[in-house]
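Student: Heads up: the sequence lines are chains A and B, in that order. Residue 1 is where the first sequence starts when you use UniProt numbering, and the numbers rise one by one after that. Residue 1 is where the second sequence starts when you use UniProt numbering, and the numbers rise one by one after that.
Quick caveat, the hints were computed from the structure, so don't treat them as lab data. Heads up, a few of these hints could be off.
Stated by the list, open to error - Between beta-carbon pairs, the in silico distance windows are: (1) LEU326(A) to VAL77(B): 32 to 42 Å; (2) GLY15(B) to LEU377(A): 41 to 51 Å; (3) LEU326(A) to VAL51(B): 51 to 61 Å.
Where is the CB? At the ideal position from N, CA and C, for every residue including glycine.
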Amino acid sequence: MNDVEQAVIRAHRDEWARVVAALTRRFGDLDIAEEAAAEAFATAVERWRADGLPPNPGAWLTTTANRKAIDRIRRENKRDGKHREAQMVYDNTPPAPLGAIDDDRLRLIFTCCHPALAMEARVALTLRMVGGLTVSEIARAFLVQGAAMERRITRAKAKIKAAGIPYRMPSADDLPARVSGVLAVLFLVFNEGYLASGPGTDPVRHDLTTEAIRLTRLIRALLPQDGEVAGLLALMLLIEARRPARVSAGGELVPLTEQDRGAWDAELIAEGHRLVRERLAAAAGGVAPGRYQILAAINAVHTSARDIRDTDWSQVLALYDQLVRLDPSPIIALNRAVAVAELDGPEVALAIVDRLAEALAGYHAYHATRADLLRRLGRGRQSRAAYDRAIELAGNTGETAYLTRRRDQLR
Amino acid sequence: MRYLVSVIDDKSDPGSTDRQPAISAFNERLIAEGYWVFAGGLADTDAATVVDNRGEQTVFSDGPFVESKEYLAGVWVWECPDLDVALRLAAEASKICDRKLEVRPFL
């Protein structure tokens, strides 16, 4: 790859959201902003190759995209009469200083993750507008046809316009709920990458986990005081750190207990631990941690043990107890039972898990956890039946392979 | 922007019937803060008549136009700067009238 291509890729990563955000504020229209930004990047490939790199690629891209947007509005004015003229003179303020542009990116994120949009639309829109992924990349990532993904994004943009979803920071009252809405979108993207579903797909989709982490880092830079943002970033880093050990050479998912801990990414773990320590200090100062911070702390305990036998399970359980108080969902109770099994034995854990039967009957991890506990209790026949159910329900190819091997080892 | 706020009631699980004073107070506030355009409660769907004059003859039939468990019990029209403001008011309104609401923009 030559220098120009590398520069364009770097600029795309660093500047896309900034350019789209600034244009959206200026022209009040996501469609125009998206198209003009895409055109500006396409032009950059040509111009930079011919003329060399501009001294400030970000400014070059913003200026070029602005011109593209004005060209488009002029063209549409000629076609549709003059009624769009007003929109063109809508905002003639000079380019905003850096701080305000950063606010623009936040506005863009809050608009894309607006609670009035369907969750799948929020995910798609965020990856397109903020992440700069192409529609076909997003479609591939979620195993949807390109045309269907295009419609999803178009519909979402149309609703933003028609329903008057604003392009501004949420009010102080709404902010915590809206930030947690943004984090939910990013965690969903991460999880889809981490435990990719669908037959014939890679068990881990690195592009999605990487993108989720990159966007969470951006939010962290924009909202450095928010504990849950730090918590989610730490959580993602500590999960991502284990990626090299999570899938065997044969494409089988390797559970935490069996992973080669030497293969974990020490740098990501160190960064994750730093963030968790930062939040622990805040908690000591009386700020109650939210669920991402607690989940990150649980992952910090796991990643602190050089050997599975060194795991501080009582600490893990204490954190789950804290989490259950915050989020009494059956899935949290299921994960808590895994820690109970280590401390009080599989029989006690199985009693807890069995109480979740009704709520989690359709959830593969419920059956997989039960199968493992039954196996440890020597109840082979019941364990096999639970593995069968888990295999039926598991959507991830690596997980299916692991569960199948486990089942076939039973006698 | 102008929004139609539909109050949705459920025949099999109706909301409470003692909300009128609280709704009136809320309406006063909407007026004072400049959001209020219109509000009205609707009679039961049994009282509705459907009119169709698209063909040769006008046809009147006993309403409602669609028979369902959930039905429109009343409407507000609000003038708000954007959807966030409308949604915040609607969240309050839903609690006050103890009903589910739909917020929909006018064209």
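Student: All hints are to be evaluated individually against the structure, with a verdict given for each.
Tutor: Taking the hints in turn, this is what the structure says about them:
1. Remark: the range hint 32 to 42 Å for LEU326(A) to VAL77(B) is upheld by a beta-carbon distance near 40 Å.
2. Distance hint check for GLY15(B) and LEU377(A): the Cβ-Cβ separation is about 50 Å, which falls inside the suggested range of 41 to 51 Å.
3. Between LEU326(A) and VAL51(B) the Cβ separation comes to about 54 Å, which falls inside the hinted range of 51 to 61 Å.
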